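Asker: Here's the letter readout for the chains.
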Amino acid sequence: DTEVTQTPKHLVMGMTNKKSLKCEQHMGHRAMYWYKQKAKKPPELMFVYSYEKLSINESVPSRFSPECPNSSLLNLHLHALQPEDSALYLCASSRGQGGADTQYFGPGTRLTVL
Amino acid sequence: QKEVEQNSGPLSVPEGAIASLNCTYSDRVSQSFFWYRQYSGKSPELIMSIYSNGDKEDGRFTAQLNKASQYVSLLIRDSQPSDSATYLCAGDENSGYSTLTFGKGTMLLVSP
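These protein sequences, in sequence, are chains A and B.
Going by my numbering, the letters in the first sequence line up with residues 1 to 114, in that order.
Going by my numbering, the letters in the second sequence line up with residues 1001 to 1112, in that order.
Okay, chain A solo, but in the shape it has when bound (with noise of 0.2 Å):
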């Protein structure tokens, strides 16, 4: 089983809203990844936790603020977001023991700020 669920599929807000999205696997992988992805673009790389700590902040605004409660659950909190924002974003998890590690993406949520 490679299932990594996302919720909610969908979330319309508001500039001055706090939200926040969840993603969750059950593989027992250690690696925990957030991506943004903008139409017709490559999924773009937010956060990377390994072993529940934060590894990878790629320069991410702090409007963004990730949370990894446990090794199956990875948080993204949303707070005073701008239109440009509004995108697809991306769970994904892997082994994370290194060697050839293989990323796993959940479905999804399709935010729109207005």
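No lab work stands behind these hints: they were computed from the structure.
One thing to keep in mind: the hints can contain errors.
[Said to hold, decoys possible] So, partial list: chain B residues that the calculated Cβ filter (under 10 Å) puts toward chain A:
#1 1034
#2 1043
#3 1094
#4 1099
#5 1105
#6 1107
[Said to hold, decoys possible] Heads up, simulated DSS-like pairs for lysine-lysine below, C-alpha to C-alpha not over 30 Å straight-line:
#7 1056(B) with 41(A)
#8 53(A) with 38(A)
#9 53(A) with 19(A)
#10 40(A) with 1042(B)
#11 22(A) with 40(A)
#12 1042(B) with 18(A)
#13 41(A) with 1042(B)
#14 19(A) with 9(A)
#15 53(A) with 18(A)
#16 1104(B) with 1056(B)
#17 1056(B) with 40(A)
#18 36(A) with 9(A)
#19 22(A) with 38(A)
#20 19(A) with 1042(B)
#21 53(A) with 1042(B)
#22 1042(B) with 38(A)
#23 22(A) with 1104(B)
#24 1067(B) with 41(A)
#25 36(A) with 1042(B)
#26 1042(B) with 22(A)
#27 41(A) with 1104(B)
#28 1104(B) with 38(A)
#29 1067(B) with 40(A)
#30 1042(B) with 1056(B)
#31 1104(B) with 36(A)
#32 9(A) with 1104(B)
#33 40(A) with 1104(B)
#34 1042(B) with 9(A)
Bear in mind that the values here come from a model prediction, so they are computed numbers and not experimental data.
For every residue, glycine included, the Cβ atom is placed at its ideal position computed from N, Cα and C.
Given the structure of chain A, go ahead and fit chain B onto it with the hints provided.
Answerer: The following block gives chain B in isolation, referenced to the frame of chain A:
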């Protein structure tokens, strides 16, 4: 200079033909390679991974890796209209956890 290069296409092939998707890469990402298929509005789905020089076959899909030429390709035999999608090539350094470098993706259109 980008580290994983793909022709953005579209690549148009008739149903039943072989579709050939190509990707070149720089040294930094020269360990593992992945092909993901992405339908419009959906998330990337892993099609193939390849780590060693040569060919790897899975059903209608064959991945080919040539590390000397820094070239990786995906062949799709007996192409179907349902194969119409964007195909993302990605390389990884194998440095603990995965750190994928994506190409821009090639759009494939298979006409009935």
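Asker: With reference to the structure, classify each hint as holding or not holding.
Answerer: So, going through the hints one by one against the coordinates:
Hint status for residue 1034(B): holds, given a least beta-carbon distance of 7 Å to chain A, under 10 Å. For residue 1043(B), the interface hint holds, since its Cβ comes within 10 Å of a Cβ in chain A; the closest pair sits about 4 Å apart. Residue-level restraint check for residue 1094(B) holds (minimum Cβ-Cβ distance to chain A is 6 Å; threshold 10 Å). Residue-level restraint check for residue 1099(B) holds (minimum Cβ-Cβ distance to chain A is 7 Å; threshold 10 Å).
Interface restraint check: residue 1105(B) against chain A, minimum CB-CB distance 6 Å, threshold 10 Å, status holds. Proximity of residue 1107(B) to chain A holds as hinted, the smallest CB-CB distance being about 9 Å (cut-off 10 Å). A threshold of 30 Å between alpha carbons decides the hint, and for residue 1056(B) with residue 41(A) the separation of about 27 Å falls inside it, so the pair holds. For the hint pairing residue 53(A) with residue 38(A), the CA-to-CA distance comes to about 27 Å; that is within 30 Å, so the pair holds.
A C-alpha spacing of about 22 Å is found between residue 53(A) and residue 19(A), which places the hinted pair at or below 30 Å, so the restraint holds. The suggested pairing of residue 40(A) with residue 1042(B) holds, with an alpha-carbon distance near 12 Å, which does not exceed 30 Å. Of the supplied pair hints, the one linking residue 22(A) and residue 40(A) holds, its CA atoms being roughly 24 Å apart against a limit of 30 Å. Taking the CA atoms of residue 1042(B) and residue 18(A), the gap is about 25 Å. The hint holds against a cut of 30 Å.
Restraint check for residue 41(A) and residue 1042(B): the C-alpha separation of about 13 Å stays at or below 30 Å, so the hint holds. Taking the CA atoms of residue 19(A) and residue 9(A), the gap is about 13 Å. The hint holds against a cut of 30 Å. For the hint pairing residue 53(A) with residue 18(A), the CA-to-CA distance comes to about 23 Å; that is within 30 Å, so the pair holds. For the hint pairing residue 1104(B) with residue 1056(B), the CA-to-CA distance comes to about 23 Å; that is within 30 Å, so the pair holds.
Distance hint between residue 1056(B) and residue 40(A) is fulfilled; the C-alpha atoms sit about 28 Å from each other, no more than 30 Å. For the proposed pair residue 36(A) and residue 9(A), the alpha carbon gap of about 14 Å is at most 30 Å, so the pair holds. At most 30 Å may separate the alpha-carbon atoms for a hinted pair to count; residue 22(A) and residue 38(A) meet this at roughly 19 Å. Only pairs whose Cα atoms come within 30 Å are accepted, and residue 19(A) paired with residue 1042(B) is accepted, the gap being roughly 22 Å.
Distance hint between residue 53(A) and residue 1042(B) is fulfilled; the C-alpha atoms sit about 28 Å from each other, no more than 30 Å. For the hint linking residue 1042(B) to residue 38(A), the alpha-carbon distance of about 12 Å falls within 30 Å, and the restraint holds. This hinted pair checks out: residue 22(A) and residue 1104(B) have alpha carbons roughly 27 Å apart, not beyond 30 Å. For the given pair, residue 1067(B) sits about 26 Å from residue 41(A) by alpha-carbon distance, which is consistent with the 30 Å threshold.
Distance hint between residue 36(A) and residue 1042(B) is fulfilled; the C-alpha atoms sit about 13 Å from each other, no more than 30 Å. Straight-line distance between C-alpha atoms of residue 1042(B) and residue 22(A) comes to about 17 Å, which keeps the hinted pair within the 30 Å bound. The hinted pair formed by residue 41(A) and residue 1104(B) meets the criterion: a straight-line CA distance of about 6 Å does not exceed 30 Å. Pair hint residue 1104(B) plus residue 38(A) holds up; C-alpha atoms about 12 Å apart against a cutoff of 30 Å.
Taking the CA atoms of residue 1067(B) and residue 40(A), the gap is about 28 Å. The hint holds against a cut of 30 Å. Restraint check for residue 1042(B) and residue 1056(B): the C-alpha separation of about 26 Å stays at or below 30 Å, so the hint holds. Taking the CA atoms of residue 1104(B) and residue 36(A), the gap is near 14 Å; set against the 30 Å cutoff, the hint holds. A distance of roughly 24 Å separates the Cα atoms of residue 9(A) and residue 1104(B); the hinted pair therefore holds under the 30 Å criterion.
The hinted pair formed by residue 40(A) and residue 1104(B) meets the criterion: a straight-line CA distance of about 8 Å does not exceed 30 Å. A threshold of 30 Å between alpha carbons decides the hint, and for residue 1042(B) with residue 9(A) the separation of about 11 Å falls inside it, so the pair holds.
Of the numbered hints given earlier, the model fails none.
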